[in-house]
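All chains should be built: construct the whole structure from the sequences, respecting the hints.
Residue numbers (the working numbering), protein chains in the order written: chain U, 1 to 58; chain Z, 1001 to 1688.
These are calculated hints, taken from the structure and not from any lab test. Certain hints may be false.
Quick look at which bits of chain U chain Z covers, simulated, 3 or more residues with Cβ under 8 Å [claimed, not checked]:
(1) 2-15
(2) 29-36
(3) 45-53
On the chain U side, residues computed to face chain Z include the following (Cβ under 8 Å) [unchecked claim]:
(4) 18
(5) 19
(6) 20
(7) 21
(8) 23
(9) 24
(10) 40
(11) 41
(12) 57
(13) 58
Below, simulated EDC-like cross-link-like pairs (lysine to aspartate or glutamate); rule was C-alpha separation at most 20 Å, straight line [stated by the list, open to error]:
(14) U:16 x Z:1026
(15) U:29 x Z:1072
(16) Z:1085 x U:21
Beta carbons are placed, not taken as given, at the ideal position from N, Cα and C, and that holds for glycine.
What follows is the residue order along each chain.
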Amino acid sequence: MNALRKLLVAVTNLAKELADENAYARYLKATGRQPSREEWCRFSDVRLRRKFQNGKCC
Amino acid sequence: MRKHIYSLLWAALAVLAASCLAVISENRGQPVNSFWLVAAAVSIFLIGFRFYAKFIAAKVMVLDDQRATPAERLRDGLDYEPTNKWILFGHHFAAIAGPGPLVGPTLAAQFGYLPGFLWILFGAVLGGAVQDFTILFCSMRRNGKSLGQMAREEIGRTGGLVALVTVLLIMIVLLAVIALVVVNALKGSPWGTFTIAATIPISLFMGLYLRYLRPGRVLECSAIGFALVLLAVVGGQTVSHSPHWSLVFTFSGVALAWGLIIYGFFASALPVWLLLAPRDYLSTFIKLGVVFLLALGIVIARPQLQLPPLTQFTNGLGPIFAGKVFPFCFITIACGAISGFHSLISSGTTPKMVARESHAWPIGYGSMLLEGFVAIMALVAAAALAPGVFFAVNSPAGVVGSTPVAAVTSISHWGFPVSVEQMSHLAKQVDETTLFGRTGGAPSLALGMAHIFARTGGGEAILSFWYHFAIMFEALFILTIIDAGTRVGRFMLQDLLGNIHKPWGKTGWMPGVIGSSAAIVAAWGYFLYQGVVDPLGGINSLWPLFGIANQLLGAIALCVATTVFIKMHGAKYVWVTVAPLAWLICTTFTAGWEKIFSPEPRLGFLAQSKALQSAIAAGKIGAANLANTETQIFNNQLDAAVCAVFMLLVTITVVDSAWVWYELLRGTRPKISAETPFVISRLETERT
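Following this line, the structure appears as structure tokens:
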């Protein structure tokens, strides 16, 4: 049961990382700001610009 | 005692791997169960990971967990962030896994399942994973620098420039060939076209949802997007059965190619949050989910492989693409065995997120082995089809004949019996009008996957759903690569043009954005169009060109890694990267030479061009086809020139690198490394 819970936590964390939700949480923590539409726009504009400077692999 | 048990377990795994290979080799002439291939692959990958990768990590790279990584030293919460190794493993795998490991093995199955299977096994363990791991290591020790930057610093200015130009050219050929796969999968298929068309408004809705309705709720938004995509797959059946709507969504290859070209332009020029990012989130989750489902399906269904281990097409006269098993099997399967494109990912986001140096081992080496496993699953899915069906789906009309009767006669004559009734029944089962000549690999892979999924749950009653789900899955992430690749190509072109006229370099300058997007789209669109109108199916010329280009980029990456290792240890461990480099040079240069100069018209670009010129001179081409034939002549000459440019660029890099190695080993060049100085890690108490 414990192992299953650990696996579930790992999968959730991976999904949040892939979805940039963890990165957003880190950004809010680092800047000491509250989540809002403006903050998300500010964060995602920078994040996505950098992310899509690299190609996706074939 | 524990150590002995541990050694015994590894020895047992080695025996299992050898036994599986023995069963496969002994079973010639009878169908082999896919279990043996999967078990052999898992055992060999585990052994490679545990022993060979550990040797490289400990002796060659001398990974040191006391040394702070760029993620720790340059931590900014965005790009540089120490990340849990298994999360980063998933992140890296999602970035390297694309359509390549699915389509390449399917196309190479024309040689039988054995050459592709062995190449994936040994190519991944000794080549692909080594390349990904070493480039990740090199970049990690250089603050996360890109391959181009490392080539410039370690080899010289020429190396850096060559890497940049090569990447841009590869990007163009890559986008054209994967767009061709989508076109071939969707032409004449209203169900598939409706589903893929529906993903565009779904992605736009997701973009607006994330921006204005629920900012930051990416998982929630992706779940809604996935539900809508499933609805679109189900709704596609209604569309395909409607006399009116099925006509609206039925397109020819040329019309679909134009649609993709226009789509690519807008996707590149639109704000990234609106279309590209939501589609990327969605396709990443679907990709990982389907890979997991396919693995589960293969384990449960354990299909028999219907294709023989070797076919007569190892002689170079295969219908899917021309060329002998050596070198063409080894360039057709690039991703899945060794892919130069991975070096861009290994020197992109990943090195900036590695928390400890030892994590590079599972992330760099392990992710590539997992991609190799995906390639094995794709091979199993394709080889589980009846050989006659496999060739009927994948052979272009220009080779087997344009009518169903002509096609089944040709294919049955090769020793792979198939009938028109059998193909009609199969097409009806998956709600398609025909499955003949659906080249590109995607439809046959979707058929194989649909059969595996159907055997696992739902039965043949929902075969059509699974077929179109698989087509949606393949097309969705190919479109993401087209979006992202066009955008990256645009940035690279703007970067180059900025040296001539400064405003071109600004990514926000609208004339620059529109002009460079149009130029990149026109470049890959031209190759796509030539593939669509090619009577030999397009895959015959474009996929080998892409394979050659991709693996030549791998050669550049291995040159960089070799230079770094010579600076670290002299010649001692140089074989680790020189062995796969030598293999890549042999295969890609042989393939490139044959594609340009082979006297066989189906194989050599120049021979094909000459044959068409002779046909015009002999008056065999009617006036109606004259302009089209002249375009084909030009296209063949262009393909030959592009192939020659690739080979020339890589020759320059290899010669340049070899000269640097010679000087380093002789001691006439100082061993100056661009590695960042040692800083002790303080991550001890933090969770990584």
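Hint check:
no.	hint	verdict
1	2-15	holds (count 4)
2	29-36	holds (count 4)
3	45-53	holds (count 9)
4	18	5 Å, holds
5	19	4 Å, holds
6	20	6 Å, holds
7	21	6 Å, holds
8	23	7 Å, holds
9	24	5 Å, holds
10	40	3 Å, holds
11	41	7 Å, holds
12	57	5 Å, holds
13	58	4 Å, holds
14	U:16 x Z:1026	47 Å, violated
15	U:29 x Z:1072	17 Å, holds
16	Z:1085 x U:21	17 Å, holds
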